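J.: Please arrange chain B on chain A, whose structure you already have, making use of the hints.
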Amino acid sequence: MEPLFPTATGAGPLVEARQLVKRFGTFTAVDGIDVEVAAGESFGFLGPNGAGKSSTMRMIGAVSPPTSGTLRVLGKDPVVEGPAVRAQLGVVPQENALDEQLTVSENLAIYGRYFDLPRSVIGERIDGLLDFVQLAERRDSKVDPLSGGMKRRLVIARALINEPTMVLLDEPTTGLDPQARHALWDRLYRLKQRGVTLILTTHYMDEAEQLCDRLVVMDRGRIVAEGAPRDLIATHTAKEVVELRFPHDAQEVAAAKLDGVGEHLEVLPDRLLISADDADAAIREVHAREVEPSTVLIRRSTLEDVFLRLTGRTLVD
Amino acid sequence: MATPIAVRVLEGHVRAYRHTWRGTTVSSVATPLMFLAAMGLGLGTLVDQGAGADRTLGLPYLVWLAPGLLTVSAMQGGAGDGAFPVMAGMRWIRTYHAAIATPVRPTDLLLGNLVWAAIRLTVIGAVFVVIAVLFDAMALGRGLVALGPATLTGIGTTAVVSAFMASRRSDLALSGLFRFVVVPLFLFSGAFFPLSELPAVVEPIARLNPVWHGVELTRAVALDLPPTLPWSVHLAVLVVVLVGGIVWGHVSFGRALRS
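One line per chain: the protein sequences are A and B, in this order. Every letter in the first sequence is one number past the one before it in our numbering, and letter 145, counting from 1, is 145. Here our numbering runs 1000 ahead of the position in the second sequence, where the first position is 1.
No wet-lab data here; the hints were simulated from the structure. Here the structure is a predicted model, which means the values were calculated and not measured. Don't be surprised by glycine CBs; every beta carbon is placed ideally from N, CA and C. Where hints are given, some of them may not hold.
[Stated by the list, open to error] Some chain A residues flagged as far from chain B (calculated, every beta-carbon gap over 12 Å):
#1 Ala183
#2 Arg222
#3 Asp259
[What the hints assert, rightly or not] Computed footprint of chain A on chain B; a stretch qualifies when at least three of its residues, placed anywhere within it, have a C-beta under 8 Å from a C-beta of chain A:
#4 1006-1017
#5 1088-1095
#6 1101-1113
#7 1250-1259
So here's chain A without its partners, still in its complex pose (with noise of 0.2 Å):
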C-alpha cells in the first residue's frame, strides 16, 4: 500500500509532559500528570467524562496554556510556538465544527488554506483523502445530509489536509452506531500501521483495546495506571470475570455470602463481579456457599474492570 504520506521518525518523544498542572479558577481539571508519547506510536488517555482527558489534549494541541509544570511537543513549547506547533497537528475535535452550509470538498479547501498550503496542492491532497475516508462520491455534496459516521470521517480527512506528524483525537467515535464505529477504527487502523502518532481520548475500553499501544487511565485529573492494555489487565485484575445477576432485592444478601470468592468482588447497582483466574472454580464456590443466581456470565477481563479496580466507578455512567 502506498503510503498515505511521509511520516516523521527521528530522536526524542513527541510528547513529553511533566507535573502538568491545567487549573480553571478554583478548578484543577488536569492535576499534575506525567506523559510521554513516542513517534509512532499510539496512545490513549482512557477515562470517565471530566477525567481531563480534554484539558490534556487542548494543551497538548497548543490552544490552552498548561497552569503549571512542562510540557513539549514536537520538541518545542507550545505556549511560544504555538503556531509552529499546530502547523504539524492534525486534530479530530469532540464536535465535528464542519460548515454544513459548503460542501465536502470546500471543507477541506478552507482548512488547507489555514495551513497556507498552495491551492494545487491542497487540490490533490483532497482527491487521495476523500479516497483514504472513502467519501470519494460525496466530494460536491453539502455536509449537512451526511450521516453522522461520515462526517466524523471527513473530519479525519480534515485533520490530515497538512500531513501531520501526529493527529489528536478526541472521542473519535462518541454517539456513533456501531457500524460507524468499525469502520472509524478501521481507517484509524490503516493511519497507524502507516506510521502516524496518534493520541486519543476515549472512554470505551473497546476503543482503547482496539487502537491504542500504551495507554494512560485517567480519574479526577491524575494519571491512575498506565500500560498497554493487555499489560494493565494483567497487573490489575484476574484473567477472567464472572457476572452474576439477582432476582431484586437478594443482591445484597448474596453479595455478603461471597466475602473471598475469587481474586475480588465488585458490588455494582445491578449485577456483582467476581474476577478470578479460575472462573469456574469461581462459580462452584458460589453454588457451595448456597447462592442461586439468576443468570451467570463468565467473560475475559477488559479495561472496563481494570477502571472499576482502580477508582471503584464504571467508565460510562
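T.: Relative to the frame of chain A, chain B by itself:
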C-alpha cells in the same frame, strides 16, 4: 511568501459567500429601496410640506435623509456581521474552534471577519448609492466618496459587536443587543431628524452616540456641507470605536478560544 493568516481566513468567508450571495444580494437591494420609498417619498412629502422643510438644511427631505440612511444601514449590517458569524464560529457550529487548531490565531479570526465585513458593507453601500442616485437623492461621485465614513461606521460596529459577543457565555445577549443597543443607536443617530429637534436635555446625550458622528460625516461628504462639529472630531470618534473594538476583540476572542 506566506499569505497573512487573516487573509486566509477572509478567503474562507469569500468561499462560503458563494452559497449565500443570492439571499444577501436581494436584501441589500430591497432594503434601501423600501426605506427610500417609505421614509424619503412617503414621510418626506409630509416633512417638505410642513414645518420640517427649513430644518433639513433647506434640502428636500429625501436628499437630506439618504446619506444618514446609508450610514445607519451600514451600522445595522455591521452589527449583524459582528454578531452572527461570531456566534456561529464560537458556539453554534464552532468552526472557530476547528480553525484555532491550525496556525490560525483568535485575532486572525477577528480580523478576517472584519475585513470581510468591510468588503460586504462597501458593496452593499455602493448598491444603496446607485439606488439613491436613481431616486435623484444623491450625486453618484459624492455618494461613492461618502461610502468611506459610512463603511467606517459599519466596521466599527462590527468590531465592537464581535468583541462583545465573544465575551458572552450564551446567545441570550443577541436579542438584547439588537433591541436595547442597535435600535436606539439607529433611531437616535440624526439620520431621520436633526438631533437639535430633541429636547435640550436629551440632545447632548444623543450626541454621545458614535453613529451620529458617522451620519454627520457621511452627510457632510455626500452633500458638500460642513459637519456640525469639526471633521477631525467626528472622524476621531469613528476611529476610536474601531480601534477600541479591535483591542477588546483581541482580548475577548483570546479568552473565549484559548481558555
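J.: If a hint holds in the structure, say so; if it doesn't, say that too.
T.: Outcome of the hint check:
1. Ala183: 22 Å, holds
2. Arg222: At about 21 Å from chain B, Arg222 (chain A) clears the 12 Å cut-off, so the statement holds.
3. Asp259: It holds; Asp259 (chain A) is separated from chain B by about 47 Å at its closest Cβ, greater than 12 Å.
4. 1006-1017: Coverage by chain A holds here, the residue count being 6 at a Cβ distance below 8 Å.
5. 1088-1095: n = 3 at 8 Å, threshold three: holds.
6. 1101-1113: holds (count 5)
7. 1250-1259: Result for this restraint: holds, n = 3.
This entry satisfies every hint, going by the numbered hints stated previously.
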